[in-house]
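Heads up: the protein sequence lines correspond to chains A and B, in order.
For the first sequence, the numbering used here begins at -9 and goes up steadily by one.
For the second sequence, the numbering used here begins at -9 and goes up steadily by one.
Please note: incorrect hints may appear among the correct ones.
Identical chains blur together in the list; that is why a pair holds if it fits in one copy or across any two.
What the hints assert, rightly or not - Think about it this way: if two alpha-carbon atoms lie no more than 16 Å apart in a straight line, the pair counts; the simulated EDC-like pairs of lysine to aspartate or glutamate are:
(1) LYS222 <-> GLU124
(2) LYS190 <-> ASP214
(3) LYS333 <-> GLU313
(4) LYS49 <-> ASP13
(5) LYS249 <-> ASP272
(6) LYS186 <-> GLU274
(7) LYS164 <-> ASP114
(8) LYS249 <-> ASP275
(9) LYS333 <-> GLU248
(10) LYS169 <-> GLU220
(11) LYS123 <-> GLU220
(12) LYS186 <-> GLU220
Please keep in mind that the hints were generated in silico from the structure rather than gathered at the bench.
2 protein chains.
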Amino acid sequence: MKVVRCEKNPLIRPEDVRPSREDFQVDGVFNCGAVKYGEETILLCRVAESVICDSREIKIPIVEEQEGKDQIRIITLVKEEHPELDFSDSRSIHNREGKCVYLTSLSHLRIARSRDGVNFRIDDEAFVFPNAKEESWGMEDPRITQIGDTYYVNYTSVTPHGAATSLLITKDFKTCTRKGVIFAPENKDVTIFPEKIGGKYVAFNRPVPCGIGNPDMWLAQSPDLLHWGEQKHFCGISEESSWENGRIGGGAVPFRTEKGWVMIYHGADRQGRYCLGAFLLDLEDPSRVLAKTSGPILEPETDYENFGFFNEVVFTCGCIQEEDNVIIYYGAADDKICRADIKLHDLLDELQT
Amino acid sequence: MKVVRCEKNPLIRPEDVRPSREDFQVDGVFNCGAVKYGEETILLCRVAESVICDSREIKIPIVEEQEGKDQIRIITLVKEEHPELDFSDSRSIHNREGKCVYLTSLSHLRIARSRDGVNFRIDDEAFVFPNAKEESWGMEDPRITQIGDTYYVNYTSVTPHGAATSLLITKDFKTCTRKGVIFAPENKDVTIFPEKIGGKYVAFNRPVPCGIGNPDMWLAQSPDLLHWGEQKHFCGISEESSWENGRIGGGAVPFRTEKGWVMIYHGADRQGRYCLGAFLLDLEDPSRVLAKTSGPILEPETDYENFGFFNEVVFTCGCIQEEDNVIIYYGAADDKICRADIKLHDLLDELQT
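With the rest of the complex left out, here is chain A (with noise of 0.2 Å):
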């Protein structure tokens, strides 16, 4: 099967991203929502700063109410002064428990327009900026459905009590609104489906249970997409395929085609490399697995996405099926957007064998 990267990868750089505010730099622009709008390609871009400090600190930043108001505090730390603490991951901060007590970065949602779907012209303002309620520790990985003319975005919600998934939605992608936290931490990879199946809405969701089980796939039913239950197992990591042996979880939203829903996902192996696969499911019953791609359909491979925050990731929120042509746009090294184009014929094909 051919996956062609688009010659102007990366799409769109950290260092095309306004920060949000002078003291901040940008880190990381990857794992956006995509969605047609009118003319337009839109990604909805998860970007994450970080306070300018030198290497002996990290300044963490946060959102607080303060005096009634949503206000940035920054939390310094001095490395040595903090034995106890692990700053080895680039993205957060662990203790001697292995829990994660800081986040490095604060991420927020940021639009991105296309015409062509190649170049993008990225807003100076954030979309939605976290509020201190519901993302005191940043907003990531959204994915947009269109239903109808409504766009509903999941989106991780990250607080010091875990990391759930929320939804906002929007009308114009100018003004949105949030309604609220959908799935309890740990919860993160929600996909919904573009419409009603069977009566219900129907979603994709990623727990991470801590005691028994791995962090797997489920699919939950809604009768009004803010309220989710009937939650079936779906799709756990894989013992066999070492690409998919760490966690799976959902990845673009769910798109129809006559053979069937097709989903692209994630599998990232037990060291955190991630590739992309792919499902067939069945139209009336997506609980049902018509075919599943056995090894990646696209796969860390180019210095863009082995090298970046964090090395070795390709990752989808978002993919456009136009025709025969199904566009991947994909966080490459959590920090790069990227564009991979497969003819759906061919994914087909590759489905079905």
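Once you've looked at the hints, dock chain B against the given chain A.
Then chain B, alone, in the frame of chain A:
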């Protein structure tokens, strides 16, 4: 505040319960939902059973579908052949990474009935036995919420994929209908309020996030008891009070008083010693805590609470309020059912000082 343990404690012991198979032994009867049904008090008890075997080995009972039928399958582990497994926890077997790979017992739900709330007749058969699809590793810790003439029973549904919370309903405590998983794993200790508040059903739940966050209590809302959302962090483990610095979770189903909702909850320290506390919550907005007991209202003190299948545990899934008396039915040391009474005015006094 005076909490009076019943003189006849423990009211139900493992030897009072008939095993569901000849090769099974009852390890524990504990953590029961409680409700008045006609003239009787009904306790819906968790009965944990294991396979009789000698101490060199462990025989693990699980429910599996074989030839289209649910069957018990017994997995035999000779301990010395598995140096990679940790058998030190009486409740579960862990691998080197600390993941629970088996439970040592299989729990089902059994009814006990009483006219005086002290002397119970225990059914010879399960009220409901785990099925292969939804609870292959057991059904645990039921709570009963009566709404009109229907009893909503939520319970921990355990499979190799995790410990989730499921719902079943009954009108007669003879037959029941399963309603599926309402909270994805890891999420236990769900208590559903007995009426809509502000137009929605409300439930405490206790997710256990793996990366960020602690085993804290969250509050969710639902239009229909089957689909839940609008999750809000309610109360975290205490950093100061050592008795509840490990985990905290819903206990008995909340009951309405003139002063507010009362909920008896549990807290455990980091060594796994479980005690009970209480919340007083705003009638219109139960996320508003009016008061919380600072110390435990009941803690393991007697021999039957200190010694058992898992030592030093008092844990409630149900209490019955009758005028000024609050009867707490609780599991003691994870193997017996006990009763303790508190005067409601004493509890409310405690909660208002």
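Item checked: Hints the structure fails to honour -> No hint contradicted; all consistent.
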